[in-house]
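S.K.: Chains A and B supply the protein sequences, listed in that same order. The numbering of the first sequence is the working numbering, which starts it at 1 and goes up by one. The numbering of the second sequence is the working numbering, which starts it at 1001 and goes up by one.
Hints are supplied without guarantee of correctness; some may be wrong.
Distance condition first, Cα-Cα at most 20 Å in a straight line; then the derived EDC-like pairs of lysine to aspartate or glutamate [what the hints assert, rightly or not]: (1) B:Lys1117 to B:Glu1161; (2) B:Lys1174 to B:Glu1049; (3) B:Lys1181 to A:Glu140; (4) A:Lys278 to A:Asp334; (5) A:Lys184 to B:Glu1073; (6) A:Lys136 to B:Glu1023; (7) A:Lys136 to B:Glu1152; (8) A:Lys393 to A:Glu363; (9) A:Lys184 to B:Asp1061; (10) B:Lys1037 to B:Glu1076; (11) B:Lys1181 to A:Glu97; (12) B:Lys1181 to A:Asp222; (13) A:Lys275 to B:Glu1156; (14) B:Lys1177 to A:Glu97; (15) A:Lys35 to A:Asp222; (16) B:Lys1029 to B:Glu1065; (17) A:Lys370 to A:Asp334; (18) A:Lys184 to B:Glu1156; (19) B:Lys1029 to A:Asp159; (20) A:Lys278 to A:Glu262.
No lab work stands behind these hints, which were simulated from the structure alone.
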Amino acid sequence: MSRKLLLEHAHIPGIHSYEVYRKHGGYRSVEKALKTMSPEAVLEEVKKSGLRGRGGAGFPTGMKWSFLAKPEGVPRYLLCNADESEPGTFKDRFLMEKIPHLLIEGMISSSFALGANTAYIYIRGEYSWIVFILEKAIAEAYAAGWLGKNILGSGFDLDLYVNPGAGAYICGEETALIESLEGKRGNPRIKPPFPAVKGLWQCPTVVNNVETLAAVVPIVNDGGDEYAKIGIGKSTGTKLMSAGGNINKPGVYEIEMGLSMEEFIYSDAWCGGIKRGKRLKACVPGGSSVPILPHYLVTKTAAGEDRLMTYESLADGGFATGSMLGSGGFIVYDEDQCIVRNTWNFTRFYHHESCGQCSPCREGTGWMEKVLWRLENGQGKMSDIDLLVDVAKKIEGNTICPLGDAAAWPVASAIRHFREEFEWHVTEREACMQGNYGLVREKMAV
Amino acid sequence: MNTTLSPSPNGAPFRYSPEALAEVLALTKKYPEGRGKSAIIRALHIAQEENHGWLNIAAMDHVAEVLGITPIEVYEVATFYSMYNLEPVGKYVLEFCHTGPCAIEGAERLIAYTQQKLGIRTGQTTPDGLFTLKEVECLGACGYAPMMQVGEFYHEHLNEEKMDQFIEDCKAGKVNKGTWKMH
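Chain A on its own, in the form it takes in the complex:
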């Protein structure tokens, strides 16, 4: 049985309320941190835990925290990134809906470690009902003395607020999030300076994902070493996976790092296999931005080893034959799905969500969308395929923020692994309007 550190109590009725949460050991980590530990000691445990950013980038959290500048007399801020918008990802939503106090608890210990006296949860505007869930939980935490002035008599003050967005994927990029929180358009900033030096209102700021901050609770409770015992190598602890697409049991799962892809997709404990008895065609394991894997690279690496759910194993083979763990937005495609159509769909997303600051991204995503649309509709040319590769290459690495890369990778990887299917959209225009490559090829074989 897999250990659960975050969702252990998520299914207990009433766990969203303070009373029930507290009864199940809630806020113990705050008591421990504020009464028995120094801020440096909390940071040390987070470093030892090996926790890496759960929003997608996988940057070591302890290291990120240690970059925080601490000039005298300048306030510091902790921001929780709850702008979950990466297609395929709905894990933070689950956590905040079911067990909002876990996030609040994690944010208190984290703010203590960072010396931040004000913290904000920046949540995507569409999750409006969760804004109210969080605000109710925060009010309960204030009433019980976990927030406000002089928490537990420690002399540590913390105010925590919720700030909703209004529909913009880009605000999940940390400097765009900061701009949005300042009441502006969500245009990413040029770095440096990094938020750790100049962030919210030009003050030192740490931005962490919901799941990352929640993971601080078990790390403080049980110690960083205990947390690091779970997992393999530099992929420690547990990870929330939001599984969707053509599987029997979509939903949010907490896995121990190192679970095999085979087991996650096919075991009834997790995704329960492919829907309607179909076969697996492809998998996007970490949100729409990460490279797509064809079926033969999903459960095995190119070297023939079992593909495991760790940062390293999913990336094994680099961009040629690997992908990334990303945000944990796990999308499974059955044999009926058209890769060209899916790539067009994702590209439309990035085109829509590009903030428009950098021309490679603003123009390039639009071009890719147009070219993919004509390929999908039987009006493409063979040269369009290399044109797409070329445009993707010219976006990648040439923009202020990673949205450009995120838009380029799905296109580049889809063509890398499914080039035949793109070509078929040009050579067999009629057939491609009616079905997808895999299906038609099968019919011909029969």
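Knowing the structure of chain A, use the given hints to seat chain B on it.
M.R.: Positioned in the frame of chain A, the structure of chain B alone reads:
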């Protein structure tokens, strides 16, 4: 991204209701002295709700006045974020997710079905002013596809029968859209 602003019909002015005004002023206190502009996103959500679901220039100018910022600062924000409607909308705005995971689980078919049923295309409003159809990008409900958002709430695991029922319920005034006063 929306780019065009519309004046209010017949030049009608917009003012927050007294309780909305009090709420917006309270929101500005969540930020440090002089940083009240940060309340703009929620201030616009509330203005939109009190202005029949959309933001015109009169509403935006009022938000600017309340927050003590220039109108252009409000226009900049209102035109950036997809949740703000810059044109009139129907009473129920059906916002379907059409992104990848929803698309492969039947979102496109369901959107086409709804278009046919309501006799409108995406972006249009029914002549009776009851429904507006929108397609939006990933709403974070990928495991519960296909789905749509109406007001403050998600409606998930949809199919044609559920859409039929939903539309009937809207016509009968039985659908709760939620409000900013939920807390």
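S.K.: Run every hint past the structure and note whether it holds.
M.R.: Hints, verified against the model:
1. B:Lys1117 to B:Glu1161: holds, 12 Å
2. B:Lys1174 to B:Glu1049: holds, 19 Å
3. B:Lys1181 to A:Glu140: Holds, at about 18 Å.
4. A:Lys278 to A:Asp334: Holds, because 6 Å separates the two Cα atoms, which is no more than 20 Å.
5. A:Lys184 to B:Glu1073: Holds, at about 8 Å.
6. A:Lys136 to B:Glu1023: Within the cut-off at roughly 16 Å; holds.
7. A:Lys136 to B:Glu1152: holds, 16 Å
8. A:Lys393 to A:Glu363: holds, 13 Å
9. A:Lys184 to B:Asp1061: Judged against 20 Å, a Cα distance of about 16 Å means the pair holds.
10. B:Lys1037 to B:Glu1076: holds, 13 Å
11. B:Lys1181 to A:Glu97: holds, 19 Å
12. B:Lys1181 to A:Asp222: violated, 40 Å
13. A:Lys275 to B:Glu1156: holds, 18 Å
14. B:Lys1177 to A:Glu97: It holds: about 18 Å lies between the C-alpha atoms, which stays within 20 Å.
15. A:Lys35 to A:Asp222: holds, 15 Å
16. B:Lys1029 to B:Glu1065: holds, 16 Å
17. A:Lys370 to A:Asp334: Between Lys370 of chain A and Asp334 of chain A the Cα gap is close to 25 Å, so the pair fails against 20 Å, i.e. violated.
18. A:Lys184 to B:Glu1156: Violated. Lys184 of chain A to Glu1156 of chain B sits at ~32 Å, over the 20 Å cutoff.
19. B:Lys1029 to A:Asp159: holds, 12 Å
20. A:Lys278 to A:Glu262: holds, 16 Å
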